[in-house]
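Line by line, the protein sequences give chains A and B.
Residue numbering for the first sequence is 1 to 420, as defined by the numbering used here.
Residue numbering for the second sequence is 1 to 420, as defined by the numbering used here.
Just so you know, these hints were derived from the structure itself, not from any lab.
For every residue, glycine included, the Cβ atom is placed at its ideal position computed from N, Cα and C.
Errors might be hidden in some of the hints.
To give an idea of the chain B side of the interface with chain A (calculated C-beta under 10 angstroms), a few residues [what the hints assert, rightly or not]:
(1) Cys80
(2) Ala125
(3) Gln197
(4) Gly201
(5) Asp202
(6) Arg215
(7) Gly221
(8) Thr256
(9) Lys257
(10) Thr302
(11) Ser305
(12) Leu307
(13) Val322
(14) Pro324
2 protein chains.
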Amino acid sequence: MSDNPVSDNPVSNKDISRRRLLGTVGGAGATGLVLGAAGGAAAHAAAAGDAPTALTTLGSTGIGFHGTHQAGIATPLQACGHLIAFDLAPGAGRKEAAALMRRWSTLAGDLMAGRSAGDGDTGVALDAGPSSLTVTFGFGHTFFDRTGLTAQRPPELDPLPAFSSDQLDAKRSDGDLWVQIGADDALVAFHALRAIQKAAGDAARVRWQMNGFNRSPGATGKPMTARNLMGQIDGTGNPKPSEPDFDKRIFVPPGTKYEWLAGGSYAVVRRIRMLLDDWEKLSLKKQEQVIGRRKSDGAPLTGGSELTEPALDETGPDGKLVIPDNAHARISAPEQNGGAAMLRRPFSFHDGIAADGTPDAGLLFICWQADPLRGFVPVQRKLDRGDALSAFIRHEASGLFAVPGGPKKGEYVGQRLLES
Amino acid sequence: MSDNPVSDNPVSNKDISRRRLLGTVGGAGATGLVLGAAGGAAAHAAAAGDAPTALTTLGSTGIGFHGTHQAGIATPLQACGHLIAFDLAPGAGRKEAAALMRRWSTLAGDLMAGRSAGDGDTGVALDAGPSSLTVTFGFGHTFFDRTGLTAQRPPELDPLPAFSSDQLDAKRSDGDLWVQIGADDALVAFHALRAIQKAAGDAARVRWQMNGFNRSPGATGKPMTARNLMGQIDGTGNPKPSEPDFDKRIFVPPGTKYEWLAGGSYAVVRRIRMLLDDWEKLSLKKQEQVIGRRKSDGAPLTGGSELTEPALDETGPDGKLVIPDNAHARISAPEQNGGAAMLRRPFSFHDGIAADGTPDAGLLFICWQADPLRGFVPVQRKLDRGDALSAFIRHEASGLFAVPGGPKKGEYVGQRLLES
């Protein structure tokens, strides 16, 4: 899917030391994978599966920056993540935004290929391969006002409706620009975060920043089954890149009024605090009733395995629904929401212990869809009203971003918007 | 070195599901390593080296809980870490402390072997192997007052001297009890943290808690060369477990007045904030002058490679010392400090962006030694006075803990103290 795999990129002098490492790794018999932004999914899953693979695949895997879609959407979950939102600086407009996106795109392409950030590189990623680094860029609602591009702002980017259970912190929500960084190595991810921040220069100021994580590749023998910090398998109903309607559900097609967004997507970002002290007081049975699935393997309470369809109408010997009326799995089921589908691709977060003594931990929920009004919004509206899980979570921050398609070679992310 | 490798432990019903996973992994050809607390170092380093190794080694590696020394000291750096300090609850004394250490020891042994935490397990580590989990316990100065054991308190545990550059936050310093958790998987580490916290029950209350990380195994082809968030290779001068005087420098020998501490060690814990915005403004050359080593490979500025001895007296064409007078590498050199040696085994930390807009990031410095007055203290005293690096760091929290030797089978950590 990528029209410019990493290996096509010119190698400049500045990256000799890291290139040499990668060369050595390859020479020792390891597979130095170079994956397209979308094509990465299958190869990565295979690497995490049964077949013995060189450990250094973790470091040497590079994800392509160019392609139809930006990387970091269909890319498999990474072990480490940073989210950072910026507002354009006072006085900065379309011209400065374009220059910034050009700088950031060059930088992201270099870092994702395992190259240096150039002059002033902090050195934090030295010795390491790209480690599946991805850098993904999005534009918030306010970006279009700031750049005089409101005519190019799709209505899908209108602010999300308020939900009754929201307890949102405006300072940690929204933003003109949003950057998602993911990698399988924490230092590689941190290195990219600092480089992106520094490259913002005078054009943009940090609005908020959050850190997250997922399971390390290889910690389980299964291919990256995600669990969240409640212990639940999370992501079972996700559309799969191999499914025929995946692209249609996740990516904006060409031919809309907003052609600059062709191949792009919308990201809904929510900082969802888990009230773990309360949750962990529930018995296993109670927890499973809240979710509607078995904790051990994610199978519906009506039986089978993780991927078995829940028998939503099935009743038990007591005449009651086996999967309760307000179970999370029932309320969030696509068939209960007009087939709404979104690709949930979260990171867990844990920021220590809050002032009230409870863990400041939960989910950096990120979901991707071609239209938030047919993905996140209808599902969240139902969950907001009737979900048994809602007593144990709290939405603390929120953002909605339009994420342009992937850049062609020589192009920067958002160029089709900013030079329209 | 471990007298009770994991595989000797009885397997109980509660851990069947995770055992089954490990069995499958082993059956697929991966090496399910089971390592002693001290013996882990060599095997782990080999796994991170050149030879192709099954990726799932990351998950299936278990570190033994029992042995001469506690795990988590000579164990290679892990990708994820949590530090948590507790104070005994009002009214709790020696009896409650002994019961707590017994509970915690049973739990740590189970978790490190990849078993469940028992009733009420949160499920967060389900599917994953032990992923090199270690849980290490220490006692602070105040622990001995609280338990009526002041006669058993070694003078080495007296509060550290104040250093002029300290800016310590008492709320994030010290504590009756200290637990260090490390693992190569973030969910396994978080699972252990929550289990330890829950098992404290009414006996102890959390005083402070910090999170950290290191490079993921396999991100570099080299064996786990550590870099910190300044981009420096960190730990070059560390004593190696293979060196003949390693044990003598790091572990308390038998035959002292404090026999309960035989095989134990002292941990100095400092939250060292890095002033990264200032540091990153320096040119590479300036940074290298501050450190006295090349950033790229850690070699002394007088040449060679990382392990070459610095030529401290060498002058350049301008007649000036090549490694400046106040360079960190000069001032911290063991030969400048009466041969003081400590084993630095840190985690980096990154808690997002502080209120003043600077990154709240740096090093959870943890160093291990047989005697802090001959390890950390003399070195820090010199650094405090003349280190060029001190303008770019800030010690924000501090703790000193006596870490008992490893438990024999059937024993709990600290039993020789608490039942003395």
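Evaluated hints:
1. Cys80: 8 angstroms, holds
2. Ala125: Ala125 (chain B) check passes; min Cβ-Cβ to chain A is 8 angstroms, inside 10 angstroms.
3. Gln197: 8 angstroms, holds
4. Gly201: 13 angstroms, violated
5. Asp202: 14 angstroms, violated
6. Arg215: 5 angstroms, holds
7. Gly221: 4 angstroms, holds
8. Thr256: With a minimum Cβ separation of about 36 angstroms from chain A (threshold 10 angstroms), the hint on Thr256 (chain B) is violated.
9. Lys257: 37 angstroms, violated
10. Thr302: 20 angstroms, violated
11. Ser305: 13 angstroms, violated
12. Leu307: For Leu307 (chain B), the interface hint is violated, since the closest Cβ of chain A sits about 15 angstroms away, which is over 10 angstroms.
13. Val322: 20 angstroms, violated
14. Pro324: At about 19 angstroms, which exceeds the 10 angstroms cut-off, the nearest Cβ of chain A leaves the hint on Pro324 (chain B) violated.
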